[in-house]
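Participant: Between the sequences and the hints, there should be enough to build the whole structure, so can you do that?
There are 2 protein chains.
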Amino acid sequence: MKELDIKQYMQGVGRQARAASRAMARASTADKNRALLTIAAAIRRDAAALKAVNAEDVARARERGLDAAFIDRLTLSDKALETMAAGLEQIAALPDPIGEISNMKFRPTGIQVGQMRVPLGVIGIIYEARPNVTIDAAGLCLKSGNATILRGGSEAIGTNTALAALVREGLQAAGLPNEAVQVVSTTDRAAVGELITMTEHVDVIVPRGGKSLIQRLIDEGRVPMIKHLDGICHIYIDEDADLQKAVVVADNAKTQRYAPCNTMETLLVSERVAAEVLPPLGKIYQEKGVELRVCPATRRVLEAAGLNGLVDATEDDWHTEYLAPILSIRIVANVDEAIAHINTYGSAHTDSIITENYSTGMRFLREVDSASVMINASTRFADGFEYGLGAEIGISNDKLHARGPVGLEGLTSLKYVVFGHGEIRT
Amino acid sequence: MKELDIKQYMQGVGRQARAASRAMARASTADKNRALLTIAAAIRRDAAALKAVNAEDVARARERGLDAAFIDRLTLSDKALETMAAGLEQIAALPDPIGEISNMKFRPTGIQVGQMRVPLGVIGIIYEARPNVTIDAAGLCLKSGNATILRGGSEAIGTNTALAALVREGLQAAGLPNEAVQVVSTTDRAAVGELITMTEHVDVIVPRGGKSLIQRLIDEGRVPMIKHLDGICHIYIDEDADLQKAVVVADNAKTQRYAPCNTMETLLVSERVAAEVLPPLGKIYQEKGVELRVCPATRRVLEAAGLNGLVDATEDDWHTEYLAPILSIRIVANVDEAIAHINTYGSAHTDSIITENYSTGMRFLREVDSASVMINASTRFADGFEYGLGAEIGISNDKLHARGPVGLEGLTSLKYVVFGHGEIRT
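Top line first, the protein sequences correspond to chains C and D.
Numbering follows the working numbering, with no gaps: position 244 of the first sequence is 244.
Numbering follows the working numbering, with no gaps: position 333 of the second sequence is 333.
No lab work stands behind these hints, which were simulated from the structure alone.
Just so you know, nobody snuck in bad clues.
Pairs involving identical chains hold if they fit within one copy or between any two copies, as the list cannot separate such chains.
Cross-link-like lysine-lysine pairs, in silico, PhoX-like; alpha carbons within 25 Å at most:
| no. | residue 1 | residue 2 |
| --- | --- | --- |
| 1 | Lys-211 | Lys-415 |
| 2 | Lys-245 | Lys-283 |
| 3 | Lys-105 | Lys-245 |
| 4 | Lys-79 | Lys-51 |
| 5 | Lys-245 | Lys-288 |
Just so we're clear, the structure is a prediction, and the values are computed from it rather than from any experiment.
Facilitator: Below, the structure written as structure tokens:
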């Protein structure tokens, strides 16, 4: 398509989404659940056909020389298909957030004022190779009464188109508009440019992907986003920490998995307990193959305990999300220095203090300016399922609207409702 | 200042605001209230001096030939000063939203998860001639634990600088940082450009002013905004309306005041009751000097009742916020047409239905996609004080973050807090 054609095509997609969003906003819980369960059943029924289509996408990606991690994300295994279907059933089982009216209070004038939870409207999802996002995102947006425009990576276009047909089948079975979930049919990048700027048709963009994708969307977009760029998560081991808890939690936060955004990237340790807690921890990390990038004080403590192979941390390290078996470690004077370090170098994602001291814990909780702040728990808990949201469309580092793990409620808004009896303002 | 100097100056203001916001986030309720009450007392004490400084601003504005309405907004009367001082005392009396922890629930893993209300951080306020905004906005941001950067109109710079000195006095008396409230000292427009794009230092912009100012900020800004552009508010008189209520409410919504954003601009009437309710309403409007811009069906009904001097409404009228004694009127078939008209031509501000029919009222409530939706009440109630928020920084037409009248809570965010006991993720 030419650029002008893409603009017209995307404007058409946007207009149809807006129209469909009106029907979705008034859709009953039963109809939305029927659509979700029908899609789940169709995925199980068509598993073989989906894998065949997916195999063509995978073959093309291999021809283009894409790496093994990419191929892995792109591939639809039996397990991945079952996870998608089960995920839709879980979303169907969640309470419907839409229409809830809360806090209706009478005012002295006689009017009664409260708030009603309503869908955001039209949500654009921009993602890379993972075809499961097509189903997860469509399911969450559908349950929350939104219309969705899905723009997946060009490498998955065959798989995504096949999945979109099943979504349409579910919408039709429930009497919901076909255009409630649309997959962008062109792989031209200009379509993304249009999607993130057509503020009249799209209410929010949820990008799912790497930092470079998201930074580009931030730079070029006009539609608000629910997104996070980095997960530079910290644990601070306080002078009043239970050091056994500290070792167990700091180990888990780094080594349970290296790639997630809620994995710890920098460990801060009070100078009062560094000599006691760092040697056993350093040994665990090195045994698991974690490279340690350390401040000079940490080097002294670890080398005195016989640990070697340390790397000097640079200023850049405190700013870096490794997503790899690498950990930066810094010794700080006290909780004030720890909070200052986190608020300076962190990414406002998730940070945890290990302490038994009530006042120190409460200060950390209040003053660390991050989406999730924890006491005596692993940063790895920052997750929609772990928090009890039931499902997660993403994690937000922003302060406006949704913050932290974003579930169904983050895809909704509150409007004021007023019940009157003919009242006028005087 | 040269452009480069302005950029450096604003970056400095931003950095100082960010630093001050850390102290404000942990400020006690008592200290914040002490600051507010000290500023209120200082305004009363220095009323004569403030009026003298303001008189110089007013004289300059007169020399520049600015119109009477502008001069009126710029002028600090004794009443305006007293309203400012009393407003600060009211804000001091409001509950402190910061630090509230809610919904702490145990999860199966043993962690306890909930949310804490925290300040947004740094709020930029951009406004025009009204110097009272300096005090109102500073007071609300201070109470909600935010740092504030105020950029008022160049015509009020003398008055705003004098008011800023009193704010500083209050901050000092409470031991809070001077930079918690900063008034931009240059009147160069480049300062606004910098303020709305320095996303690293400013968390949200609240513009207070006319549509052209706000549209410019939207076009050029990168920092998120809490704002509304238009108030194209509707009343729909349903076929099942109590017509006595309808007349009283529709009169009030248009004629109580013409300039506010929550004044009705378009009246929609069911064709089933138009012949009965429009003639008495049309007569009231014409007696009060309201120009009526009508659809053909409305013209027939009103002319049959002997009313003249009607103007034919054009497509543009349905899109227009008059802010004047002008009203557009359209007869519609039913509530479906009314909802479609409002969602097409409205500005998602405030819309009200007059009906005694439960199902019709509930449909209107759910399907009209506006920040405030009412049944049997005047749109003029859409206001922070009337809704019981205690105070109002503005009204938002957006769906993300705050929607409708925005009080203290709209200047805050929720972060997740996790209480653990050494839990790890497995």
